[in-house]
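As you go down the protein sequences, you meet chains A and B in turn.
Start counting the first sequence at 324; every next residue gets the next number (this note's numbering).
Start counting the second sequence at 3; every next residue gets the next number (this note's numbering).
If you're looking for bench data, these hints aren't it; they were derived computationally from the structure.
Since we're looking at a predicted model, the values are computed, not measured.
Glycine residues also receive a C-beta, built at the ideal position from the N, C-alpha and C atoms.
Errors might be hidden in some of the hints.
[Claimed, not checked] Going by beta-carbon spacing under 10 angstroms, a handful of chain A positions derived as facing chain B: (1) Met324; (2) Asp326; (3) Asn328; (4) Ile332; (5) Glu369; (6) Asn370; (7) Gly374; (8) Gln394; (9) Ile440; (10) Met444; (11) Gly447; (12) Met448; (13) Lys488.
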Amino acid sequence: MLDKNGIAIRIAKEVRDGMFVNLGIGIPTLVANFIPKGYNIELQSENGILGMGPFPFEGEEDADLINAGKQTVTLLPGASIFDSAMSFGMIRSQKVDLTILGAMEVSENGDIANWKIPGKMVKGMGGAMDLVASAKNIIVAMQHVNKAGESKLLPHCTLPLTGVKCVKKIVTELAVLDVLPQGGFKLLERAPGVSVEQIKNATLGKLIIEGEIPEMIF
Amino acid sequence: MIRRVVANAEEALKGIEDGMTLMVGGFGLCGIPENSIAALVRKGTKNLTCISNNAGVDDFGLGLLLQTRQIKKMISSYVGENAEFERQMLSGELEVDLVPQGTLATRCLAAGYGMPVVYTPAGVGTEIANGKEVRNFNGKEYLMEEAFHADFAIVKAWKGDEAGNLIYKSTARNFNPMMAMAGKITIAEVEILVPAGELDPDHIHTPGIYVHRIFQGEKYEKRIEQRTVRKRA
């Protein structure tokens, strides 16, 4: 079973040299720590940065330079700053190659819910609806089951949707799965020490298992 | 040169009345018009509709206007960091319209560009599409979203000149440029106000035609919401 860093390490293997990547809050942010050395990628932050760098050294924080999670950050050489309309312009026009974000639920046809629990949590969708509606490639980083032990990979989402038919790949503490265009979660890899049976038990949506499912290699 | 300078926040806010719609620039607490918000609290204007990406935190930013119950309705994309906001929303005291962040930015931009609507794929198939026209272009569905208009837009820039030209700094730019363009009357507060001619025209982000009133803010706290740092090796 993977911890949060493990999920991030596995997702980092999906990043290709030369990509523009938008990382959501939480586990997706950790992916930045595991990009292979020698890769040139640029991180996009939807509040208006391309070429986002690591957190600043203590004492060098700049209140005017934050990421979409409102954290103080730095800029790398070649970075650029722009306004929110242009930021979502480059997202909508698919200049950003890969979007990695968290989810509360994903359905077997690629619908995603991650912004609202009616009556409980209403924080807003932020940029998530824009990102999922336009991204070329969306990878979801999340736990396979929620705190109550219920599967988050469902036939249909029960929570209000963020976007429809958009998720391409899911990485959880248990598995890597593709969401097939015709519907269904295709099991690609098992996390170290996790059995196919465990993944079956944790997946409520249609799970497609073909042949031997390899264990992830790091 | 048409001079846009006013003496202070109080003078800049003249004409803002109960029940009006205001756009307020900023992302989180970054690039918010601190001095104008403080002056609005002192002014006591009520029943405001505020279009702003966030609602501040409990004791800073638009959170200050929530505490004093001056806001009737918020139009935002993300309101997660404000307990008082959540309380007012769940109790029904505060109307809230949540709008995807890119849609919010683009609806402001449309107003500034003189276009009545934009089509965006954000929210197709979700509850925010309820009641909205959906159109298919080249095989993909888009929602029709109307331009946002505001009686006043209040923005914050780093530098400005007497003619109202603005330059923003770093990610404090965010929603400020397109909100500046969308206000019937736009108020800009700046950290540094310079005479006309001192800013390079090639470096202006917002031309003064969009800025009706400009003043230099008295002081800037620039509070950091999430101070994240790394240790020196």
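Hints, verified against the model:
| no. | hint | result |
| --- | --- | --- |
| 1 | Met324 | 28 angstroms, violated |
| 2 | Asp326 | 20 angstroms, violated |
| 3 | Asn328 | 16 angstroms, violated |
| 4 | Ile332 | 19 angstroms, violated |
| 5 | Glu369 | 7 angstroms, holds |
| 6 | Asn370 | 5 angstroms, holds |
| 7 | Gly374 | 12 angstroms, violated |
| 8 | Gln394 | 4 angstroms, holds |
| 9 | Ile440 | 12 angstroms, violated |
| 10 | Met444 | 9 angstroms, holds |
| 11 | Gly447 | 4 angstroms, holds |
| 12 | Met448 | 5 angstroms, holds |
| 13 | Lys488 | 8 angstroms, holds |
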